[in-house]
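Model the full structure from these sequences, guided by the hints.
Heads up: the sequence shown begins at 21 in my numbering, then just goes up one per residue.
Hints in this document: simulated from the structure, not taken from any laboratory.
All C-beta atoms in this analysis are idealised placements derived from N, C-alpha and C, irrespective of residue type, glycine included.
It cannot be assumed that every hint is accurate.
What the hints assert, rightly or not - Across the chosen pairs, the derived CB separations fall in these ranges:
(1) Lys770 - Ser880: 36 to 42 Å
(2) Thr359 - Pro333: 19 to 25 Å
(3) Leu540 - Leu116: 34 to 40 Å
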Amino acid sequence: MAASQASKTVASHVPFADLCSTLERIQRSRGRGEKMRHFKEFLDSWRKFHDALHKNHRDVTDSFYPAMRLILPQLERERMAYGIKETMLAKLYIELLNLPRDGKDALKLLNYRTPTGTRGDAGDFAIIAYFVLKPRCLQKGSLTIQQVNDLLDSIASNNSAKRKDLVKKSLLQLITQSSALEQKWLIRMILKDLKLGFSQQTIFSLFHDDAAELHNVTTDLEKVCRQLHDPSVGLSDISITLFSAFKPMLAAIADIERIEKDMKHQSFYIETKLDGERMQMHKDGDVYQYFSRNGYNYGDQFGVSPQEGSLTPFIHGTFKTNVQNCILDGEMMAYNPNTQTFMQKGNKFDIKRMVEDSDLQTCYCVFDVLMVNSKKLGHETLKNRYEILSSVFTPIPGRIEIVPKTQAHTKKEVIDALNEAIDKREEGIMIKYPLSIYKPDKRGEGWLKIKPEYVNGLMDELDILIVGGYWGKGARGGMMSHFLCAVAEKPPAGEKPSVFHTLCRVGSGYTMKELYDLGLKLAKHWKPFHRKAPPGSILCGTEKPEVYIEPCNSVIVQVKAAEIVPSDMYKTGCTLRFPRIEKIREDKEWHECTTLDDLEHLRGKAAGKLASKHLYVGDEEPQEKKRKAAPKAKKVIGIIEHLKAPNLSNINKVSNMFEDVEFCVMTGSDSHPKPDLESRIAEFGGYIVQNPGPDTYCVIAGSENIRVRNIISSNKHDVVKPEWLLECFRTQRCAPWQPRFMVHMCPSTKQHFARQYDCHGDSYFVDTDVNQLKEVFSGIKTPGEQTPREMAPVIADLEHRYAWDRAPLSMFRPHTVYPDLYAVINDPSTKIEGTRLAITALELQFHGAEVVSHLAEGVSHVIIGEDHSRLADLKAFRRTLKRKFKILPERWAIESIDKCELQEENQYWV
21 MAASQASKTV ASHVPFADLC STLERIQRSR GRGEKMRHFK EFLDSWRKFH DALHKNHRDV
81 TDSFYPAMRL ILPQLERERM AYGIKETMLA KLYIELLNLP RDGKDALKLL NYRTPTGTRG
141 DAGDFAIIAY FVLKPRCLQK GSLTIQQVND LLDSIASNNS AKRKDLVKKS LLQLITQSSA
201 LEQKWLIRMI LKDLKLGFSQ QTIFSLFHDD AAELHNVTTD LEKVCRQLHD PSVGLSDISI
261 TLFSAFKPML AAIADIERIE KDMKHQSFYI ETKLDGERMQ MHKDGDVYQY FSRNGYNYGD
321 QFGVSPQEGS LTPFIHGTFK TNVQNCILDG EMMAYNPNTQ TFMQKGNKFD IKRMVEDSDL
381 QTCYCVFDVL MVNSKKLGHE TLKNRYEILS SVFTPIPGRI EIVPKTQAHT KKEVIDALNE
441 AIDKREEGIM IKYPLSIYKP DKRGEGWLKI KPEYVNGLMD ELDILIVGGY WGKGARGGMM
501 SHFLCAVAEK PPAGEKPSVF HTLCRVGSGY TMKELYDLGL KLAKHWKPFH RKAPPGSILC
561 GTEKPEVYIE PCNSVIVQVK AAEIVPSDMY KTGCTLRFPR IEKIREDKEW HECTTLDDLE
621 HLRGKAAGKL ASKHLYVGDE EPQEKKRKAA PKAKKVIGII EHLKAPNLSN INKVSNMFED
681 VEFCVMTGSD SHPKPDLESR IAEFGGYIVQ NPGPDTYCVI AGSENIRVRN IISSNKHDVV
741 KPEWLLECFR TQRCAPWQPR FMVHMCPSTK QHFARQYDCH GDSYFVDTDV NQLKEVFSGI
801 KTPGEQTPRE MAPVIADLEH RYAWDRAPLS MFRPHTVYPD LYAVINDPST KIEGTRLAIT
861 ALELQFHGAE VVSHLAEGVS HVIIGEDHSR LADLKAFRRT LKRKFKILPE RWAIESIDKC
921 ELQEENQYWV
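And the structure:
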């Protein structure tokens with residue numbers, strides 16, 4: 021941009037420091053309302069400055085885009101592809117600041133994910149860099165927003181052209197002219213994660229009511245900022261346009277049991293789910309563009325004209341002569357003309373670089389049409405769009421095809437189609453409602469998807485060993501967030517494996533609590549991984565962990581994945597596609613993991629696909645299984661069943677856990693009858709008697725009968741539920757008794773429990789879990805069954821007495837609040853306001869208030885929205901009451917919550 025032209029832009033006058041200080045305030049703010057206010061203040065000041073500048077320079081054309089692209093950098097991936105990650109920035113800072121390579125600050129930058137124990141900043145490179153830079157940088161930078169954008173654009177273009185020296189030069193300019201705070205935000209912009217604590221949807225809504233919708237159909241942030249610069253002017257027709265990438269409509273994961281209901285009990289379409297790259301094609305005459313799901317333009321790859329590219333020259337002639345322009349939605353696939361089959365994405369090829377692969381050819385599989393001859397079809401039903409699609413081009417196998425579909429009515433047809441997809445090694449199936457319309461960026465509006473991995477019981481799972489770890493970033497900072505897993509070399513008979521081959525890196529499938537618990541379990545065993553001196557027991561490919569764990573100290577995880585695919589990154593020569601941890605195998609020792617032989621068997625079983633089983637409807641089962649069902653054992657007439665000693669002569673002992681311990685099993689449960697429990701006790705070394713004596717450890721009783729009641733009344737034996745035995749069998753250890761296991765306790769046991777547990781069965785010493793806590797709460801009887809309303813004053817008094825009322829979540833405890841939703845419920849034009857007021861009511865309740873739905877004596881506060889039409893009626897009703905309520909605007913509640921303390925009411929009265 022020329023200097024004279026640049027001086028006429030707002031971006032050339034606004035210091036980058038102003039934006040950074042705004043972002044800092046937004047991040048530090050607790051409440052969403054306060055965050056929104058800070059952003060709105062910056063936006064409003066920009067617009068005012070723009071208007072003032074426009075008066076002096078009529079040719080001012082810039083919008084809020086220069087700031088918006090820095091605030092939402094994740095939406096500018098194509099324009100702002102820097103090729104810069106934390107490690108490169110760390111090395112650059114070390115070089116620029118002349119830090120000693122082995123010094124404390126250099127190591128902080130290089131090992132930013134490793135916890136230090138001083139602050140909770142592990143994993144956040146921007147924060148680590150800020151504290152390293154703070155004593156070494158300018159107090160305030162000199163760059164404007166325009167200059168920052170120009171330098172970032174320079175970095176992106178030089179990165180694309182692979183001019184590393186020029187990338188470094190532009191970075192140095194940014195760093196040397198910025199303060200530590202500005203560089204903190206620059207780093208986050210370069211890494212495309214600002215961590216502001218509120219969504220891009222919120223930012224769009226504050227900018228303009230139509231911003232999110234326009235971005236969905238254009239994926240062009242600059243266009244959004246330019247067209248919607250004036251917040252008072254809306255777009256009457258926001259829709260899909262030619263050569264403007266839109267966010268495609270997506271499918272939700274289907275629940276097979278609800279398919280017929282979700283399809284409104286009408287007929288629906290079933291299509292094959294293709295395993296390629298989602299791509300939209302825009303054509304106008306001889307001009308073509310191809311956009312990916314994220315809005316990247318791949319026209320250069322596939323061909324912007326019939327004379328170039330890996331696809332356009334082969335399909336240009338297939339379009340009907342009357343079709344001048346069109347927009348198609350489909351999947352870009354790799355087709356093998358020799359085998360006449362489509363390739364799966366996991367097979368080591370890139371559909372976006374197909375010209376380099378002479379054995380395969382690009383094929384566009386079309387499943388929707390959004391425009392023909394400038395007529396937009398998004399609001400047409402899917403059924404109509406399908407009919408139109410068949411008249412747009414003539415399919416050519418292996419080049420451009422229409423995705424075939426079948427019409428179905430029942431759940432069984434869906435299951436049959438899924439089983440067929442499994443047999444064909446396909447990714448899954450799509451279910452589409454014929455009357456659905458096309459909604460950009462919406463998921464599940466009549467489109468559903470089913471993959472075998474979404475359905476329990478269809479996948480072969482692998483039990484693999486954790487051998488390495490990687491420190492987390494962001495919310496997972498300070499803990500291991502990803503794990504390197506391996507399989508074992510099969511050892512000689514009778515020995516444990518000693519060598520493990522890496523297979524995959526996995527970092528999903530678990531909750532944060534499960535990740536934290538796993539981290540605690542392994543924490544003391546992690547060791548730094550040295551590339552030059554790797555552990556002999558763990559063989560790696562090119563993928564190396566940051567830390568490793570000796571196999572004997574590790575745990576097995578059960579992993580589910582879509583398929584096994586080739587990979588040079590791991591020692592096995594293959595890896596898992598879309599792996600996720602299902603559970604930790606507490607029941608398996610470290611050496612019982614999957615072996616290389618097991619892996620090869622799975623790899624050959626279904627061409628690498630881990631879905632090889634079928635789904636069956638109801639009681640339907642394969643005939644082979646029915647034939648193999650064991651015949652029912654005939655009852656032997658003899659001694660009464662409950663007095664009969666079990667025949668344990670054929671029992672194989674598996675453990676000595678209960679060695680020489682005597683049990684008397686009186687009754688079992690529905691799922692575990694008495695004989696089963698006795699057999700299992702014998703397997704674990706226990707001894708069975710039919711009548712308890714002085715040496716009996718305990719009596720097991722799943723239900724009470726007259727014999728159990730007699731034992732309880734004798735008060736000589738402990739009577740325990742079968743659940744305790746099952747817990748012992750599951751963990752293979754003699755679990756300590758807990759109140760929840762006990763039917764009856766003899767005096768000595770009761771005395772022991774009194775020292776360990778309170779009167780409700782909650783342990784004084786042992787940590788509890790959610791289910792145990794629910795059991796405890798369910799057994800607590802509330803005297804008089806007091807209602808929450810009766811308890812509220814008691815709780816408020818306790819909070820006041822112990823100063824808990826200063827806590828933000830208790831600030832409204834003494835108040836009984838009535839949100840006046842009457843007007844907005846009865847006036848459709850105020851629906852949005854009603855929703856907002858209803859949300860505020862929930863927040864009041866969350867912060868201690870008693871929220872009521874009827875206005876009556878005892879209400880302390882009435883909260884109203886912007887509609888004051890009922891104010892006179894409310895005041896008239898207030899005059900009839902002994903205890904007068906206060907009428908306050910919604911703003912009082914919102915600002916009290918945002919500032920974490922009650923605001924002075926007299927400043928808000930209406």
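Structure-based check of all given hints:
Distance hint check: the CB atoms of Lys770 and Ser880 are about 49 Å apart, inconsistent with the given range 36 to 42 Å. Here the CB-CB span from Thr359 to Pro333 is close to 23 Å, well matched to the stated 19 to 25 Å. For the pair Leu540 and Leu116, the beta carbons lie near 39 Å from each other, so the given range of 34 to 40 Å is met.
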